[in-house]
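Using the hints, put the two chains back together into the complex; each one sits in its own frame.
For the protein sequence lines, the chains are A and B, in the order given. Position 482, counted from 1, in the first sequence is what this note's numbering calls 482; the numbers after and before it change by one each time, with no gaps. Position 307, counted from 1, in the second sequence is what this note's numbering calls 307; the numbers after and before it change by one each time, with no gaps.
Since the hints were derived computationally from the structure, they do not count as laboratory data. Being a predicted model, the structure only gives us computed values, none of them experimental. There may be inaccurate statements among the hints.
To be verified - Per the computed footprint, the stretches of chain B lying under chain A, defined by three or more beta-carbons under 8 Å from a beta-carbon of chain A, are:
#1 4-18
#2 77-87
#3 97-103
Claimed, not checked - Below, in silico cross-link-like pairs of lysine-lysine (DSS-like), each with a Cα-Cα straight-line distance of 25 Å or less:
#4 Lys5(B) with Lys597(A)
#5 Lys290(A) with Lys171(A)
#6 Lys597(A) with Lys331(B)
What the hints assert, rightly or not - One-sided and incomplete, this derived list gives chain A residues near chain B with beta-carbon spacing under 8 Å:
#7 Leu454
#8 Phe458
#9 Arg459
#10 Gly549
#11 His565
#12 Lys580
#13 Leu595
In this text, a Cβ means the ideal position worked out from N, Cα and C, and glycines have one as well.
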Amino acid sequence: MSKPVYILGISCYYHDSGIALLKDGEVIFAAQEERYTRKKHDEAVPVKAVEQALKFAGITIKDIDAVGFYEKPLLKFFDRILRTYFKVWPRGLITYHRAMQEWMTKKLWIPTNLQKELKYKGPIYYVQHHESHAASTYYASGFADASIVTVDGVGEWATTTIGYGKGTELKLTKEIHFPHSLGLLYSAITYYLGFKVNSAEYKVMGLAPYGEPKYMKEMRELIDVKEDGSFALNMKYFTYEYGLRMTGREIEKLFGQPTRKGEGAMTQFHKDIARSLQEITEEIMIKIAKQAKKLHPSENLCLAGGVALNCVANGKILRAGIFKNIFIQPASGDAGGSLGVALAIWHRIYNGARIPKMEHVFLGNAYTNEEIETYLKSQNVPYEKLDDAALIERVSGLLAGENAEPRTAESNGEAGARVIGWFQGRMEFGPRSLGNRSIIADARNKENWQKVNLKIKFRESFRPFAPTVLEERVSDYFELDRESPYMLLVANTRPEKRNEIPAVTHVDGSARIQTIRRDQNPRYYDLIKAFEKKSGCPVIINTSFNVRGEPIVESPKDALNCFLHTHMDYLVLGNFVLSKNKMGQASEDTQKEYLKKFELD
Amino acid sequence: MSVQKIVPLLRCPGSHTDLALQGEDLISEKGMRYPIIDGIARLLTPTKSPEEETVRQKMQKFYEQFTFPGYDGIDSPGILMDKARASAFGLWVDQAISPFATVLEVGCGTGQMTNFLGLVSTRTLIGVDQSIASLKLGQGFKERFGLHNIHFLQGNIFQMPIKENSVDVLICSGVLHHTPDPKGGYEELLKLVKPGGKILIGLYNSYARIPLGIRKMIFTATGNAFRSLDAHMRRKDVDQSKKEIWFADQYKNPHESWHSVDEVLGWFDETHVKFLSGVPAIAANLPGEEAGLRLFEEHPKGSALQHAMKQLGWMFTIGREGGLYVLVGEKL
Numbered sequence: 001m002s003k004p005v006y007i008l009g010i011s012c013y014y015h016d017s018g019i020a021l022l023k024d025g026e027v028i029f030a031a032q033e034e035r036y037t038r039k040k041h042d043e044a045v046p047v048k049a050v051e052q053a054l055k056f057a058g059i060t061i062k063d064i065d066a067v068g069f070y071e072k073p074l075l076k077f078f079d080r081i082l083r084t085y086f087k088v089w090p091r092g093l094i095t096y097h098r099a100m101q102e103w104m105t106k107k108l109w110i111p112t113n114l115q116k117e118l119k120y121k122g123p124i125y126y127v128q129h130h131e132s133h134a135a136s137t138y139y140a141s142g143f144a145d146a147s148i149v150t151v152d153g154v155g156e157w158a159t160t161t162i163g164y165g166k167g168t169e170l171k172l173t174k175e176i177h178f179p180h181s182l183g184l185l186y187s188a189i190t191y192y193l194g195f196k197v198n199s200a201e202y203k204v205m206g207l208a209p210y211g212e213p214k215y216m217k218e219m220r221e222l223i224d225v226k227e228d229g230s231f232a233l234n235m236k237y238f239t240y241e242y243g244l245r246m247t248g249r250e251i252e253k254l255f256g257q258p259t260r261k262g263e264g265a266m267t268q269f270h271k272d273i274a275r276s277l278q279e280i281t282e283e284i285m286i287k288i289a290k291q292a293k294k295l296h297p298s299e300n301l302c303l304a305g306g307v308a309l310n311c312v313a314n315g316k317i318l319r320a321g322i323f324k325n326i327f328i329q330p331a332s333g334d335a336g337g338s339l340g341v342a343l344a345i346w347h348r349i350y351n352g353a354r355i356p357k358m359e360h361v362f363l364g365n366a367y368t369n370e371e372i373e374t375y376l377k378s379q380n381v382p383y384e385k386l387d388d389a390a391l392i393e394r395v396s397g398l399l400a401g402e403n404a405e406p407r408t409a410e411s412n413g414e415a416g417a418r419v420i421g422w423f424q425g426r427m428e429f430g431p432r433s434l435g436n437r438s439i440i441a442d443a444r445n446k447e448n449w450q451k452v453n454l455k456i457k458f459r460e461s462f463r464p465f466a467p468t469v470l471e472e473r474v475s476d477y478f479e480l481d482r483e484s485p486y487m488l489l490v491a492n493t494r495p496e497k498r499n500e501i502p503a504v505t506h507v508d509g510s511a512r513i514q515t516i517r518r519d520q521n522p523r524y525y526d527l528i529k530a531f532e533k534k535s536g537c538p539v540i541i542n543t544s545f546n547v548r549g550e551p552i553v554e555s556p557k558d559a560l561n562c563f564l565h566t567h568m569d570y571l572v573l574g575n576f577v578l579s580k581n582k583m584g585q586a587s588e589d590t591q592k593e594y595l596k597k598f599e600l601d
Numbered sequence: 001m002s003v004q005k006i007v008p009l010l011r012c013p014g015s016h017t018d019l020a021l022q023g024e025d026l027i028s029e030k031g032m033r034y035p036i037i038d039g040i041a042r043l044l045t046p047t048k049s050p051e052e053e054t055v056r057q058k059m060q061k062f063y064e065q066f067t068f069p070g071y072d073g074i075d076s077p078g079i080l081m082d083k084a085r086a087s088a089f090g091l092w093v094d095q096a097i098s099p100f101a102t103v104l105e106v107g108c109g110t111g112q113m114t115n116f117l118g119l120v121s122t123r124t125l126i127g128v129d130q131s132i133a134s135l136k137l138g139q140g141f142k143e144r145f146g147l148h149n150i151h152f153l154q155g156n157i158f159q160m161p162i163k164e165n166s167v168d169v170l171i172c173s174g175v176l177h178h179t180p181d182p183k184g185g186y187e188e189l190l191k192l193v194k195p196g197g198k199i200l201i202g203l204y205n206s207y208a209r210i211p212l213g214i215r216k217m218i219f220t221a222t223g224n225a226f227r228s229l230d231a232h233m234r235r236k237d238v239d240q241s242k243k244e245i246w247f248a249d250q251y252k253n254p255h256e257s258w259h260s261v262d263e264v265l266g267w268f269d270e271t272h273v274k275f276l277s278g279v280p281a282i283a284a285n286l287p288g289e290e291a292g293l294r295l296f297e298e299h300p301k302g303s304a305l306q307h308a309m310k311q312l313g314w315m316f317t318i319g320r321e322g323g324l325y326v327l328v329g330e331k332l
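Here chain B stands alone, though its shape is the one from the complex (with noise of 0.2 Å):
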């Protein structure tokens, strides 16, 4: 089974202690058991304060019915590497991470990102999600391709089956914003990151998604109607099962907040992460940037009056598609 090659990176999410192979599951020091099903190990327990468990739950059964990004027509890892690069911020992440890290994406979704990077065999890739219906999607690419170096865990970010200081990079974007307490998600979440290791977290940006926000009270107030007032419904080469998925993430979650740059530069700050970039830039690029941002390397971090001046500007950018942005950091 090909969960072996990590089981000394898990752990129990509940007691902390180390997980054993046993059959087809997975056994804690204290005789917990997790099963592994269609080769997905469920790790998923319950967060600890049942008012976060409540939205945990609305999210997870929201995700089950929605998978988010759809596989159609990605039949095969070119077309997955086309559309990777296509988005250019696929390739930049591909590009700055080593051939041989250990990459934990928390909130994988269906997994493209995690597979994606996995079509480099050396790397080895934990996809995490709460969704089996969408880690589904991700196990079947990957094990139609044969990618023996991907691994999708059904798990909980505030009870993460991982061990501290155990992965090279860590990929967390747009999953943080949909739980009830991000920042202290993203705490959890840094220490599993090795020191010297990098973090990619990416969130709804207060600014850029203010468009959106006025859209959806507009399809509230109107009971869905002008549905095309957002640029993504108007799309005529997507399909519209695509586009209904798109809706629904994007109009439909049931939870979600909104974090601007100095907020989570706050949160590098005091947690010792050092700013090494955001996609896109708060303040400037490096010289020779044209061709592809380089994630890894230091950017200037600029000053607050510079992020307000960017984040206004993203209304009419990333606003578009939603007002993703991604800050990138090193732990010391």
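Chain A with its partners taken away, still in its complex shape (with noise of 0.2 Å):
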């Protein structure tokens, strides 16, 4: 038998850093490096990101017969960099300085510090960053052919593409170059309303359906929209191409009021613009997926890029009706790029074969019964082993609420509203929560939804959870006719199911829906399966595994430190229940014990 061919896609210093590895096309192990470094979004070399993987597959680097960088950095600085100096010269003299230190030392070494930091002698190669995007979408579809659209802040120079993939062919058609970005406009919008860059856009994106679309016609002053889907920015509102901020004075005097500082009032002003940006940005998203269709005609759609993860617009596209199918990358993002580039070069340097749909995210590393339980042990914390069925009978009965002790004036008593820090086999790839990191609770239950938000996640109320659903019964509570499993679509939940589920369900009577079935994730949808059973309802609340600010859980350390600094009453990890309520009691009884035995002496 021959050696596999092991490929290693690598994407960082910009934001993000994740890895991907391919043991002879196969998707076997993918991370994102803030996982295990705790620094969200960091964009370090994936150094431990790698070790894992490496681990995993049971190699050393040795191993490893190709590296696959996510951009072309040379192209990136000679070209683009440069040249926007150039243009906008003598502006952005400070920015610039930075941003050339950044490259001089970081950026144009890529190759000299991969090898180093991984110890790494083989070949690098390098696809361009929305090829990357393409890739990761295309070949992960499982499609025989597709056309392809990928939109994002920017890569070398193109920030939206159109492309199309037959079998393992792939081929972008058609570019829109910086600064034109539909990327850096919701960015740059973003930041006018305060929140973080790059980081906070889903927020802008949740706050939309509290506001009226009443800033259209301003909007069409900051972007001119052709009816192919071609836009251009009107680059006299916007300061990135030579300044630190994204925006400057200009937008303010349109829109007619400054900048809203990180910790200022959110009024619905601000409402008002995130709906109208959200319309803009579904109106563009939908021109070009329709000339995406008449340039290359076929039935299926393949989504990538940061903007991709826009999923009210990726609902709008799927009900347009323009596509019959539509796969969307689940890990949209720049992390996602290391899985393109790997693809690419499966497809490009080894010829391989196109490999089956990507069916899961499940790609990270696991832990063992019996490293958690070691773990417990170390930590001197109480708790309770269960086998596999009773363990599902055990935590479908505390979300459904059984035997839910009272609550008083002076303790946290559940009073049937629990809600479960659940935390299971391979950690996930993308920025999604979708069963093995995740907080879960009873979506029937309104208390539930106050007490995540503010006692757990500690964040604004306006914001909704995502519902996980069983898929056979997708339809019986949401618009919605097909699967969703990466939470990336979003369909109203149906009239009469409204009040059923509050906890998921958008002011607008929208959700952003996960669906599952039990060969994606046995033991989440047997939980849920259970949860069914005794409750009625397929649906329940999942929310990412993490402190507020902070990157999803990666280790059982990294669980038990979040459910000890949130409200959350129990915790799973594998086979283990641990109860917040014991925790309590366990630590007053030694302290009772303590004093007692103090008062003898």
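Shown next, in the form of structure tokens:
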């Protein structure tokens, strides 16, 4: 038997570094570096993620046949960065001074740095940024052919591309170039609304349903949209070509209000701006999708790039009926570029055959029950071990509010509303928790909604939660007739069900849906199935398992830390169940015993 | 009433006998009655020596007027969390303390640290201060967010209402230097800590506070002109009202004393407390501490000469923020 081909894809040095490891074309491991370093959006060379990948595959770096990098750094630097520099000169001296230092010391030395930090000596291949995105969605879609659309902030020059794939061929045929960028428009308004750029764009999307599209005229002043979906930004309003900020005084004049400060009040005005931005984004996305269909007629559409994480727009594209099938790369951000470049190398350099559709994202590392128990013992916390069947029975009962202890003024009693940290199996790749590193709760309970928002996520109360629903029952609760395994489609909750599951339904009646089938994640499916049996409801709340401002938990240690720092009621790690009440009781008992002992002396 | 849970840890500040809950009052075995008003047990009794009591009353009056630090803009545990983490010190303390510990903060003021550490609901937190105005702010926050494991009490450092050997961690930062007998206060507080328990003592540093002392002289001489000499007063991102509180706390405080690292290490030695760490470090960091200090691990102690050099440097670092430093120790 010949030795398998191992390809390692890497993205780093911009935001969200990530890796993907292929074995003969099959994705066997993929993860983001931030989960290991615990530094949100970590952009460093993903040394720790590579370490985990090699450990998982049982190989060393010497076994890697090819490394791929998700961008072409030289093209980006000598072409775009320098050209933009001369174009805007002398504005932006300071910005560029900083950027140059970064390029000179880090980014231009990517091959050297990768070789040094990963101790790798083999060949390194580069694929253009948007080609990486395109490859990450098309090659993982399982479609025999497809139109491809990628939209994000900026790669080398391209910010938006249209292309097609057939068999193992993939070509990008149309591009829109920097500085005209839908991603950067979204980020600029995100900045104007006082949220964190490159990180809180999803909050703007969540805010939109609370507003009215009152500022469409102003939006059209910012961006000129043609019928074919091509667009041009009015650069008078944007300063990112030369400034450290995204927008300046011009945009404040246009909208008539100053940029919101991080903790300033959120008014109807801000919500209306968010809504208007969302409208224009959707309009452009639909036009681009139509254009893609026109250029490359196919029944299938593949989407990727940061803007493809805008699940509201995705839902609109789906309902517009332009394509029969849509595949969206779940790791659509830059981390997913690592997967794309690896797949591109597999097909182009190794002439590999297509791989089946990517059915799940549980591609990170796992912890065995032995490892979990060793850790829990070392922390001296009380826990219970259950076998598989008992675990499902117990946790679904907790979710459904069985045997809840009454809530009193003094205790944090549960009164039916239990929120559970759910830590199982392999970690998700991409930005979402999809049932292995999740916080889960009963979606029928309004109290849960408040509790999770205010006491667990410590976040703005306007934000909704995403539901996980058994795939076979999705149409009973939502106006959706297909799978949405990655929480990337938004559809309306059926009107008659809105009162039943208020915690996952937005003010406008919509929900960001994750469907689940047993083959995608048996334990998570069984849990919800058992919950359905007890309650009649096939829907639960699923939100990411993290402390405010931190990356999603990776290890039992992170999970326990998050559990203790929030008001979650239970933590389930593999087959172990931990109860917050029991822990509190145990620590009170120890204290009492101690005092007693002292009094006897 | 949530105070019920910590009654076993409380004592009558005068007679040191047990307290029992009776209706809205705490009652000592000798019949002393301490009311609980607005959820805060009023356990403040006068200091025994009259001169000390005069200083204490002055301080109490001062902090009833200036509640420090304020809660403006901190309207959720999330924002409190962000703020505590941004200061790094809060984060390190949180990481060092066990999730099951009983923690006592003396001189908790408005209780921001107490509330932050109490976000871990399996901990027990007790915050003691003499200023009701300050305690009410902390109590308000705790009640709004249902943090039942946090308890605020009114008390006197020299007549503490807490039993000896009863807490795992003692925090007393920025407080003892406002008392007439810092070392005496330290010794009293240390008694409340279990053997093996940890203490965090924060004091004004004799070197680091020199620039502030000079500014204070200038302000006094010029009738508060040139207030912009203080870096904090120049900040544009802070409300004027907050600045006023800062200014009063730093420059108009009726009583303060300054203490060198070696003086406090001397207290540690005399009272069988093992030095663990300093913030800022008094000698050197441990390997891997770039990501954050590990306060409860034993750090190199360094020599007196090293301390002198470090403290001179502090004039230009922590001096800007008032020259407060913290030493962490373990009661043996």
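Item checked: Status of the Gly549(A) interface restraint (C-beta, 8 Å, chain B) -> Holds, about 7 Å.
Item checked: Satisfaction of the Phe458(A) interface hint, Cβ to chain B closer than 8 Å -> 3 Å, holds
Note to self: Does Lys597(A) sit within 25 Å of Lys5(B), going by the straight-line distance between their CA atoms?
What the structure shows: Status holds; Cα separation ~18 Å.
Next item on the list: Can you take a look at whether the stretch 97-103 of chain B is actually covered by chain A? Rule is 3+ residues, C-beta closer than 8 Å.
Entry: holds (count 3)
Check: Measuring from the C-beta of Arg459(A) to each C-beta in chain B, is the shortest one below 8 Å?
Finding: Holds, because the Cβ-Cβ distance from Arg459(A) to chain B comes to roughly 6 Å (cut-off 8 Å).
Margin query: Holds or violated: the hint that Lys580(A) contacts chain B, with Cβ atoms closer than 8 Å.
Written below: 7 Å, holds
Item checked: Hint check, His565(A) versus chain B [nearest Cβ-Cβ separation less than 8 Å] -> It holds, given that the least Cβ distance between His565(A) and chain B is near 6 Å, below 8 Å.
Checklist line | Proximity test - 8 Å, beta-carbon atoms, the stretch 4-18 of chain B to chain A, at least three hits | finding: holds (count 4)
Check: Would the hint on Leu454(A) stand, with a C-beta cut-off of 8 Å toward chain B?
Finding: 7 Å, holds
Next item on the list: Go through the hint on Leu595(A) and say holds or violated, using the shortest Cβ distance to chain B against 8 Å.
Entry: 6 Å, holds
Check: Counting residues of the stretch 77-87 of chain B whose CB is closer than 8 Å to a CB in chain A, do you get three or more?
Finding: It holds: at least three residues are needed, and the stretch 77-87 of chain B offers 6 whose Cβ sits within less than 8 Å of chain A.
Notebook entry, point to check: Lys290(A) and Lys171(A): Cα distance at most 25 Å?
Noted result: Cα-Cα ~18 Å, so holds.
Comparing the model with each numbered hint stated earlier shows that all of them hold.
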